[in-house]
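**Student:** Sequence:
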Amino acid sequence: GYIPEYTRTDLTDKLHDTFGFRTDYEIVSQREIKKILTATRK
Numbered sequence: 001g002y003i004p005e006y007t008r009t010d011l012t013d014k015l016h017d018t019f020g021f022r023t024d025y026e027i028v029s030q031r032e033i034k035k036i037l038t039a040t041r042k
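Using full-length UniProt numbering, the first residue of the sequence shown is number 1, and each one after it goes up by one.
Quick caveat, the hints were computed from the structure, so don't treat them as lab data. Predicted, not measured: the structure shown is a model, and the values here were computed from it. Beta carbons are placed, not taken as given, at the ideal position from N, Cα and C, and that holds for glycine. The reader is advised that the hints may include incorrect statements.
[What the hints assert, rightly or not] Simulated crosslink set (BS3-like; lysine-lysine; CA at most 25 Å straight-line): (1) Lys42 to Lys14; (2) Lys35 to Lys14; (3) Lys34 to Lys14.
[Said to hold, decoys possible] Have a look at the derived ranges for each label pair, beta carbon to beta carbon: (4) Thr40 to Glu5: 17 to 23 Å; (5) Thr7 to Lys42: 17 to 23 Å; (6) Thr9 to Ile36: 18 to 24 Å; (7) Asp10 to Lys34: 25 to 31 Å; (8) Asp10 to Gln30: 17 to 23 Å; (9) Lys42 to His16: 17 to 23 Å; (10) Lys42 to Pro4: 28 to 34 Å; (11) Glu32 to Glu5: 25 to 31 Å; (12) Arg31 to Asp10: 16 to 22 Å.
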């Protein structure tokens with residue numbers, strides 16, 4: 001089975017909502033990761 005790396009909190013839920021992806025259950029492609037990193041460096 002799947003074992004999460006962290007416990008969900010209000011903060012992690014807010015980050016997921018803000019950036020539009022889920023790290024707790026969604027597989028994020030390398031292309032999407034690059035877009036996220038570019039957006040966070042602005």
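**Student:** Now tell me, hint by hint, if it's right for this structure.
**Tutor:** Verification of the supplied hints:
1. Lys42 to Lys14: The given pair, whose Cα atoms are some 19 Å apart, holds under the 25 Å limit.
2. Lys35 to Lys14: holds (19 Å)
3. Lys34 to Lys14: holds (20 Å)
4. Thr40 to Glu5: 17 to 23 Å: Holds, since Thr40 and Glu5 (Cβ atoms, about 19 Å apart) stay within the stated range.
5. Thr7 to Lys42: 17 to 23 Å: violated (29 Å)
6. Thr9 to Ile36: 18 to 24 Å: This hint holds: roughly 20 Å between Cβ atoms.
7. Asp10 to Lys34: 25 to 31 Å: 28 Å Cβ-Cβ, so the 25 to 31 Å window holds.
8. Asp10 to Gln30: 17 to 23 Å: violated (29 Å)
9. Lys42 to His16: 17 to 23 Å: At roughly 19 Å between Cβ atoms, His16 and Lys42 fall inside 17 to 23 Å, so the hint holds.
10. Lys42 to Pro4: 28 to 34 Å: holds (29 Å)
11. Glu32 to Glu5: 25 to 31 Å: Check failed, 18 Å falls outside 25 to 31 Å.
12. Arg31 to Asp10: 16 to 22 Å: violated (29 Å)
Violated hints, listed in ascending order, are 5, 8, 11 and 12; each of the other numbered hints is respected by the structure.
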